[in-house]
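Trainee: Residue-level listing of the chains:
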Amino acid sequence: MTTPAAQTKPAPAASPPAGSVPVELPMAGAPAVPFIEIETLRSAQFIPAAKETLGDLIAEQGQAKVIRPVFNWAGRNSLFPLHWGLACCAIEFAAAFGARWDAERFGVVPRSSPRQCDLMIVNGTVTWKVAHKLITLYEQMPDPKWVIAMGNCATGGGPFRTAYSVVPGVDKLIPVDVYIAGCPPRPEAMLDGILRLENLIRERKE
Amino acid sequence: MQPEELQARISPKLGENLLGVEPFAGTAGRVRFRPAGALELFETVRDDLGFRHLSMVGAIDWVDHREVFYVVWSDDARQYALLSTDLAADAPHVESASGIWPSANWHEREAWEFVGVTFDHHPDLRHLLMPEGYAFHPLLRSFKLHEPEELEVKSRRV
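Those sequence lines, one after another, are chains A and B.
Going by numbering that gives the first Met the number 0, the first residue of the first sequence is number 0, and it counts up by one from there.
Going by numbering that gives the first Met the number 0, the first residue of the second sequence is number 0, and it counts up by one from there.
There's no promise every hint is true.
Ranges of calculated distance between the beta carbons of each label pair, as one might list FRET restraints [to be verified]: (1) H131(A) with L18(B): 43 to 49 Å; (2) H131(A) with D123(B): 17 to 23 Å; (3) E42(B) with R110(A): 35 to 41 Å; (4) F70(A) with R125(B): 56 to 62 Å; (5) E21(B) with R110(A): 26 to 32 Å; (6) R51(B) with R110(A): 47 to 53 Å; (7) L18(B) with I90(A): 46 to 52 Å; (8) F79(A) with G132(B): 33 to 39 Å; (9) D119(B) with E103(A): 53 to 59 Å.
Don't read these hints as lab results, they were simulated from the structure.
Source: prediction; values computed, not measured.
Heads up, the beta-carbon is just placed ideally off N, CA and C, and yes, glycines get one too.
Given these sequences and hints, build the entire structure.
Mentor: In structure tokens, the structure reads:
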């Protein structure tokens, strides 16, 4: 069945107009990766394969010097923050995962269970009522784990510093690696904090 | 309903525990009573006068005494009424209204937590908004803004 609109629509050009440069994708012409090569990279075979490849290097420089950078590289490119929000900073936290800022391009994927996370972004005002729940969540996260204090409230209590119900800085409760200033910080600032944390992980020795 | 009508219908039940009914903007009137007649007044107001809904319970620290007030609503008269009582500043306590209006439960917990008014025979008088073991009544006038470190020591969960 054809609609009148489809009938009036001009037919697509069979060839590019004269004078235009034919576009070629970068990968065009490259041999396709055989399926079996992808299969050998599955996790059960990754460590033996890596040991085989890096064997000489490990024998030369020691395991710590070679394996540690590999794990740091993997860890800092797959930071999984806990998906939770305490106050208005959580709105910016959510915006950072939207289409405009797209934090997932840095491998930052929020997870809903603390047992799948290695990064806690404390995004909001921490009250004494929620303090022990925050500590419980932090203790449920597997090692190694990092903490980002996002915004003025989590950093030092913010405008509520002297209030009767507010923890003056989340570092009173758990160790913090990176502080992000702002009230609330823009998503760019949050991404900057994550990149600074990645630099910290790059330098990690043990 | 006018303050005079409230006065006329409450005073036979309450006697000298009724201190007076005064006009209060937007309500049927403000009933001032002695805490000794609290339960009697609540029952009269709910059953005889038709104020079946308790909208809120609040407490105020007036330094020399504390005031507890109840805002009740009547669906028949389409009117609010205020009930208020003055308590001694040292060890202020009043009978709980949660047996009359169950909605008083959480309001009284909050009033106890922030202004330190004890509600006798309350079924579950514990912290509502602050953590267990919190050592202050923070809406008292005598409560000073604390240094964060001092508050931290006293607020941390044991």
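Trainee: None of the hints should be skipped; say for each whether it holds.
Mentor: Comparing the hints with the structure gives:
no., hint, in the structure
1, H131(A) with L18(B): 43 to 49 Å, "holds (45 Å)"
2, H131(A) with D123(B): 17 to 23 Å, "holds (21 Å)"
3, E42(B) with R110(A): 35 to 41 Å, "violated (55 Å)"
4, F70(A) with R125(B): 56 to 62 Å, "violated (48 Å)"
5, E21(B) with R110(A): 26 to 32 Å, "violated (60 Å)"
6, R51(B) with R110(A): 47 to 53 Å, "holds (49 Å)"
7, L18(B) with I90(A): 46 to 52 Å, "holds (50 Å)"
8, F79(A) with G132(B): 33 to 39 Å, "holds (34 Å)"
9, D119(B) with E103(A): 53 to 59 Å, "holds (58 Å)"
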